[in-house]
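Peer 1: Model the full structure from these sequences, guided by the hints.
Top to bottom, those sequences are chains S and R.
The numbering of the first sequence is UniProt numbering, which starts it at 1 and goes up by one.
The numbering of the second sequence is UniProt numbering, which starts it at 1 and goes up by one.
Since the hints were made in silico from the structure, they are not lab data.
Note that the structure is predicted; figures quoted are calculated from it, not measured.
Errors might be hidden in some of the hints.
[Claimed, not checked] Using 20 Å as the maximum straight-line C-alpha spacing, the simulated SDA-like pairs for lysine to any residue come out as follows:
hint	chain 1	residue 1	chain 2	residue 2
1	S	Lys111	R	Arg532
2	S	Lys460	R	Leu337
3	S	Lys434	R	Asn54
4	R	Lys60	S	Ala488
5	R	Lys60	S	Asp100
6	R	Lys60	S	Glu492
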Amino acid sequence: MASLLLAFCVIVLPVFASEPIPRGVSRAKGSFYKAGVPFKCLDGSQTIPFDQINDDYCDCADGSDEPGTSACRNGRFYCVNKGYKPESIPSSRVSDGICDCCDGSDEYDQKVKCENTCIELGRSMREEMLAMKKLVEEGYRIRSEYAAQGKTAKLEKQEQLVSLGPKREVLGQTKDELMLKKEAAEQPEKAAKEVHEAWWKEQKAIREAEKEKAKAAEAFAQLDTNQDNLVSMAEMQARAEFDTNGDGTVSEEEVTILLTEAVDTMDLAQFTDTYWELIKKVYKPPVVEVQEPAPPAPTEAVPPPTEATTGDDEDDDSDFDEVNSTCIQDDFDEGDDDNEEAPPPPTEDNFMPAYPEETQVLMSVADAAREEYNKAEKEYNEVDREIQDIEKFLAQDLGPDDVFYPLRDQCYEYTDREYTYKFCPFEKATQKPKDGGTETSLGTFTKWEANGDDSYGSMKFEKGLHCWNGPDRSASVKFMCGTENKLANGAEPNRCEYTFEFTTPAACHSLPDDSESEQPDVEHVHTEL
Amino acid sequence: MDTRWVAESGVIDLYVMMGPSPIDLFKQYSSLTGTTNLPPIFSLGYHQSRWNYNDEADVKQIHDNYELHDIPLDVVWLDIEHTDGKRYFTWDGGKFPTPHDMVAKLKSTGRKLVTIVDPHIKRDDNYHIYKELKDKDLFVKRDGKEFDGWCWPGSSSYPDFTRADMRSWWASKFNYEDYKGTSEDVYTWNDMNEPSVFNGPEITMHKDAVHADGWEHRDVHNLYGFYVHQATSEGLVQRSGGSLRPFVLSRAFYAGSQRHGAVWTGDNMGEWSHLKISIPMILSQSVTGITFTGADVGGFFRNPSAELVTRWYQTAAFTPFYRAHSHLDTRRREPWLLPEENRNIIRDAIITRYQLLPYWYTLFYVNEKEGIPPARPMWVEFPKDPNGFAEDEQFMLGPAILVRTVTEEGATGVNVNFAGDGYDVWYSADDFRRIPGGSKAYLPVTLASVPHFYRGGYIVPRKDRVRRSTTQMTDDPYTLIVALDSKGAAEGQLYIDDYKSFQYRQGHYLYRKFSFTNSVLTSSAIDSTTFRTKSILESVKIVGYSSKPTKVTLSSNGVNKELSFRYEEGTQLLTVRKPAVNMSDDWTMTISTQ
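Peer 2: Here it is as structure tokens:
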């Protein structure tokens, strides 16, 4: 049986070749297999009789004696695939019942019937190659346009940089000069304003003291029920508000504690200077009758009802900075008053009077200097930002010949079953559910990554939204040659690690090489017995 | 010895098995609980799983990469995400629109698909499985209502697998016309069948849930997963009209679950300690009858290093169920994604597994017949060697192979206990170096080392050719490894059948015995059977043959022929070239030294 098999499989007679080549051996290696001559394993490990080649038993450690059978675990079988391209497959696939070679030569024992599909495959391969060639040509043409655009843009920017540099310098000088001018004008302005404000502060303190004195006098008059110009212990005890322990009566002790000492009587001077400060926290002025017009502000000893409007910082000293040369009407809340009266007009009491004329002159001089400076600063900043943008642009890696220039500031979308993915080259990648919802960051652009020899093989996006129980989202966009810019084939091979393919003319690096070895084998015709 | 036993409910029946040998114990125990049915051979090959291969393109990519990198593979697995919203027996139509085409693609290279079918049923009246079960009132109850538990699909109900009518209904759902997209190349994985109830006590079903005839869950908990496995397995038998063997992997199991298929050690971690402990776990299951078992290669959780993944592939090549699997949150780690060195070593490990499949298959045949597990603790084969009693790092694959693969990070060597006494002999599988029994040795290792040893006195059948999957190996020729003992003798068996059907139960198989004594190797039938194989004997490697022969002759069917051979003095390895005799035949091979 073995010898029968041998007769069947070793004799291979290529029509145009002078010597038979054993099954599964390529023409290139054919010379190592000389009919009738002992075969030296290609690794040199041993020499075997010629009839042990392809005898379905593995003799050579490198598998070189059994290229046409599955006997060796590391052998290779060469399919000629006439009409298509030759292929080298693992020899373990010889006679395994699966047609691997388009010429069916790997299933020579006919365990399965393999159709010869090489002619058809060759035709479609040539068509594909032709189509690919056209595509690459067209892509390469567009790529050249991209490169030209990139070159123009870079040149333009470089030129802009040349003119913007000196401009910024001049603007910088102007700005610095105006800064000095501004400072010179602000110094006297500040001093003059401070004088006026200090005076106003003093005035306010005086007015406050007077107001307080008037309040004390009024209270004194109220308390001095017998009008003997003295407020006595008895008169104090007559007032319900001094019942601090709430037992219904005002004891001498309560009054004494309030006044911090035992006092029989107080005259107006004593009352005002010594005791009013203690009494006013507890004292309740008489209720104003309804039909009477609103009392003037000074009578309001207890402020709570108006706190909402006046309790802010308006009366504080810090307020002075904001007060300009004229009195500023506080924005009284209209809805605050139950009656429909207009808000009270500003009184001198509340607002600082205008700065004196000479101070106002200083202020308008300073205002003018400030305005001038601000304008200069703005102009400078604009130019500065422009320069920075250009420098950033020029520093960006736009690929060989700057071909990726037209992809800047563009975004491309790809929609699969569930999501719409957005890819903005040099910027970001995002994901959004198809039926609405929020956009999720898949990362911001960090770097180019190589793909084989192509150092601009893919764009890497990192530090996207963190995945629960996983890493930060990231994406890798592989660049492939195509005539249009198109995002495709989104996948998530690892949790929260996305991959995409992006076809773009910018990735059409070179014209296809016609002289490749992937040419259909047309010359080699062989027959097997 | 004192032991104490507690049960949740019911009374304990105690069986005492008298042995006296471990092999006797297996026979006695399996007479009570049954044995592992001979699995279809593809299921002893290598399985590639992940939670999840996302869509049909992803499955194709897995297939194509195994082809490209020429790594044997038999099965691709689909976890829960392949379904329409965790409705088992359905497909996510967006991701898997053409399951038949996908399976056809796998089948074109002889490969299979496994899909997951869990027993928690999404409570959705538009889901035919739920609707039918509800209408037939076949769900487990609690407080008089359908038990409602939380699992992958959300609110779920649980079919009452303790009911025979429920189980036959379930089995019928695996008919090819019912479970659309499936065919005889699609097999099944039952997960979460303890059952898992995310919001239940100890993440399982409430003890007071009620099954058929008023039995509370506490009474039948251990049986639930067993019955899921059984019903599924029966479904897979019935769908082929009873002709093809089933393959069902189950996470839950119980005494007797071996009758219904394989189990695995559950959701492990990609850590060295979990690789190490997988050995005693698998051995513990093996000695309790659950013999078709394995651990997820690489570990389910975490991201293991390339070294750990590599060592795991090497170890698991010698454990019964050989499947790589990983969690949704882990990085992918299929062999071609690892550095080239690791990838090649993993390929070699998988090839070693496939080469030993004839031995594995024979061990599983013996397992079905006699209850003896393929993976055995040392004490099974060496009951008199006390060194083996607490041994967790090495074990026996059948009677003939000692396995001590590397399970330590950065290992530069392993300690091996070469069991037995002065009469025993071991041979290193990589170079056939002879090592005396009853010795301990520290053996240096590299990343490529997979220390395992042939035991003198045994003959191991192999198929040394590398193929894409077991399908292409059917008619491949055999190599016999004849490892001689100190008296120059050896013996072994080989079981062959059609590898997939039940016809072997009608005598359609080959069971051969090889014995080597006095320089004569003979092949004879153990059982008289009708089956013939196309496979021939390709090579015989006689290990430990002490002198150079002058002539080797084969005698078969009355014909004598002289065979060529090679003899290596250093390793005392005699390789007989191409006996080319059919494995079905009786023959005698005689070695002459004068």
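Peer 1: Look at each hint and say if it fits the structure.
Peer 2: Verification of the hints:
At roughly 18 Å between alpha-carbon atoms, lysine 111 of chain S and arginine 532 of chain R fall within 20 Å of each other, so this suggested pair holds. Simply put, lysine 460 of chain S and leucine 337 of chain R have alpha-carbon atoms about 19 Å apart, close enough for the 20 Å limit, and the pair holds. Of the supplied pair hints, the one linking lysine 434 of chain S and asparagine 54 of chain R holds, its CA atoms being roughly 19 Å apart against a limit of 20 Å. Of the supplied pair hints, the one linking lysine 60 of chain R and alanine 488 of chain S holds, its CA atoms being roughly 18 Å apart against a limit of 20 Å.
Proposed proximity of lysine 60 of chain R and aspartate 100 of chain S is supported: the alpha carbons are some 17 Å apart, at most 20 Å. For the suggested pair lysine 60 of chain R and glutamate 492 of chain S, the alpha carbons sit about 15 Å apart, so the restraint of at most 20 Å is met.
Hint check: no violations occur; every hint is consistent with the structure.
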